[in-house]
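Chemist: Here are the chains, one letter per residue:
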Amino acid sequence: MIRKLFTLFAALSVLALSGMPAPAAQGYPERPITIVVPFGAGGETDLVARMLADNMHTIFGQNVVVQNIVGAAGVTGMSAITSAKPDGYTLGVVPSAPLAMHPHMRQVPYSLESFEFIGRILKAPYIVLVNKTSPWKTFDDMIKDMKANPDKYFWASSGVGSVPYIALMNLFNEFGVKVKHVPFSGDADALQAMAGDRAQIYASTAGVLGKYDVKGLALLDAERDPLLPDLPSIKECVPADKQQWASMLYVSQWMALIGPKGLPADVLAKLNAAMGQACAAPEFVADLKKLGLVPGYQDSKACEAFIREESDRNAVTIKKLMQQQQ
Amino acid sequence: MIDAIIQAVQMTLTPESLTALVIGALFGTIIGALPGLGTAVAITVCIPFTLKMGNASAIALLNGVYATSIYGGSIAAVLINTPGTPQSACTGFEGYAMAKAGKAGEALGWVTMASVVGGLLSCVALMVAAPQLASLSVAYGGPLEICALICMGLACITSLSEGNQLKGMLAGIGGLFLATIGSDPLSGELRFTFGTQDLVAGIDLMPVVVGVFPLAELFFRVYEVHSDSTPTPIDCRRIIFPRLKHWAGHVLTLIRSSLIGIGLGILPGTGATAATFISYSTAKRVSKFKDNFGQGEPDGLVAAESSNNAVAGGAMIPTLALGIPGEPVMALMLATLTLHGITPGVRLMLDNPEVVYSCFFSLTLANLLIIPAAIITVFGFGYIIRFPTAVLLGIIVLCSILGVYLPRGNMFDIWMALAIGVVAFGMRLGDFPVAPLLIGYVLGPQFEYRIGQAAIYKGDMSLPAYLMTSPLAMIFFAVSVFLLLSPLVRPVLGFARSRCR
Amino acid sequence: MKAWINGKTLLGMIFLAVGLVLLRTTYLERPAFFTDPNELGSLTYPRYLIFGWIAASVLYLVTPAKSKDWANLRRSLPGLAIVTGTIALYIIMFEWLGLVASTFLFLAVFFQVMGYRDLRRGLPIAAFCAVLAWLVFEKLLEVPMPQAFWTDFL
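Chains as they are written, first to last, in the working numbering: chain F, 1163 to 1488; chain Z, 12 to 512; chain H, 75 to 228.
By construction, these hints were calculated from the structure, which means they are not laboratory data.
Even for Gly, the Cβ is constructed at its ideal location relative to N, Cα and C.
Treat the hints with care, as some may be off.
Said to hold, decoys possible - According to the in silico footprint, chain F covers these stretches of chain Z (three or more CB under 8 angstroms from chain F): (1) 52-63; (2) 188-198; (3) 208-217; (4) 409-422; (5) 454-464.
Throw the hints in and build the complete structure from the sequences for me.
Modeler: Structure (structure tokens):
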């Protein structure tokens, strides 16, 4: 047994020593970069990350690998990013919820200060959706009908605390209408219930419009989407005397490329440039379009400002919703 | 329509697609057959590759891997008693018993043929009536119906724990409880996380499956080595396919189980596990050979395997026609299709019928490819099971750890698998059946979530009035009661009868 | 078995205790998150499950025991403990040493533990399995695995 242990140690030390001499990095990147995705393979975040990784691979000429670290509603993956060495070899592609929403709802072992923001990949505002056969022609019709028939209709969410939940809950609260909530476990389940008329209202991004028999009533953003010129923005739907709270209703799905805090400035600059180039690549834009997503690239600085603003607004909304519940 | 079919055949019969299909089928069977690795690993590993392939090839690869990896899990269930997926558990009951009796080749033959026929029948259902079946999925996919369906699955617990109902009950409740750990599906609140972040999203399926099957089996074999019980050596040189005349008496089971599989595949939320257990338990109640169940009865294999392969085709219907995945694996399929510019959903059948038919066609081919893939894989596995115990067990550990790590990259999952493995081994020693635990665990989250929804829809209605809104749910509930009570009633009746005489 | 406390009653007691402790937590835990005015609270369903569990444990306690011979378990317990320990070590090493090194070391040790003492065949088999796993998953299928701690020095 002792001999075995000795062999083990010997083997270990040989292995350890063989890797020791390594000169300081000059031309980043000189080994494969890992992009951590806190959700499972095949999900939207994963697919976007893989497409981005592919494009960055061509730019850097260095392999960019996507690693799915799933668990704890994204927290495991986020922690893997924060605990990685800030050398630019471990990055993360993350959506809005774990970064700018969960920290306001429960204890998580990270905050915005734990990350370095490399850039925003895309931004897709949420759309208030109803069944295609619905009698409501406009957002106004819907609100009027709901006011006349409180508690008659059901709205679907993809779970309490999810982005669609916050979006619609906030919307109905601000407009003072009573609608019953039914939580579902995801987009697909909720849209199936919409098709069966078990729920009448849902919120999701533009991607679902082509896939399912639903129509949009309002875009939860300040301006109309150039790709959906007929869809009014929520700003237009809010009565003129209440414009001050319109901005509280904007909700969008976005994804960002982030890294652990403390990335060296030159690495960050290189990543920033490479990401800008990757996001502008026509193949990348075309791939996003297939997923029903629109590129919304922002560079490091703009992205950080945007995320902080989103996070602050979410903090206010969530706090308000939580107080109302008690 | 004929044009579309011809186009689909042309799309699928290109050299690239066929290569992808063959590679996928072989890869799926082998990965599925390795103890500890299963469908989740096979599909996760394939996704990055499908992103770089053409439409038809990507569909073919995924179909090949999907259909065969479920089947592969059954090879491991028969030869090593380590099912790769929960839906192969029933196959393990009958198949491993047959293998111990020296009939491993025959068992695999039945498994293979039942899988192929079940899969093909579901493909036929797909081709003939996809749009109609899809509308059924919408109409009957309400929370009450799904609740009732899950009750049917849970009711199987009693028939799977005959002889020790109480232990089965404990295991079943334990499984249901295990599934409540983490965030509540409705309110998102955290429960029973004991303060750790790792439990926030609950315990994943893979650690449970790997703990309950390969790791528990590993501990059991170690136990056998150290105790004075002599393990039965299992030998399998090749598959022995059942002859046509042997099918007499199994046809009814085959058709019934395939229909159960297709039906449950179409409805969202329950998937292959419920289908397999329901069809196996039903067979156990009504089959001609019901007295042999549990001791290596081919009819049990036919019931389990034909239904779990039929789910594949059934689940494809809502996925393609509505964009609503009937199974978790289908969600991955959906994502891949979307990325190739094919948007599953209401317009797919109108805009790109050839894609739909190509999907059906490649699934059909994948099901046929099971036969050669099985012959090759079983040949290889015949060697592996003859390895010295230490080597075989070492490989099981290695595969188990990879199987848990690969899909989620999470070290906590591996520890969880080890803990569950120790518990499952203890259960096996104490004659606690593990199948109820698994059923409870797999169906638990959907059950709680759908009950909560049903409660919202019920609102102020009285319970009978609400139940009356769905006749289908009533039928399901009635079947559940039958499945639940019949194993309890039979011994009582038998006792009473013997008293009367 | 005449003794009042036997293995089965002990197990039943443990089940009951677990049930009671869990039942208590369902009343203790305060929702940390905002709720929706649903018909069912987040702890209602688990509470019913726990009631069921407690009822089943009580039934289990009162039903008569079947005697069972545990001699085999007593004999194999040390072996089982060592195997569990080896696997636990493997899991720890897996994270620190990466796939190849940890698998090789684990298999080499595991073969010894399981009584397959032939090093001349055991070591090559261990090395072969480790390299094969690495080739298939890390090289061919490009799945990211835990990296050995020394790669950080590179």
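Chemist: Does each hint fit the structure? Answer for all of them.
Modeler: Structure-based check of all given hints:
1. 52-63: Holds: 5 residues of the stretch 52-63 of chain Z have a Cβ under 8 angstroms from chain F.
2. 188-198: holds (count 4)
3. 208-217: holds (count 6)
4. 409-422: It holds, with 4 qualifying residues against the three required.
5. 454-464: holds (count 3)
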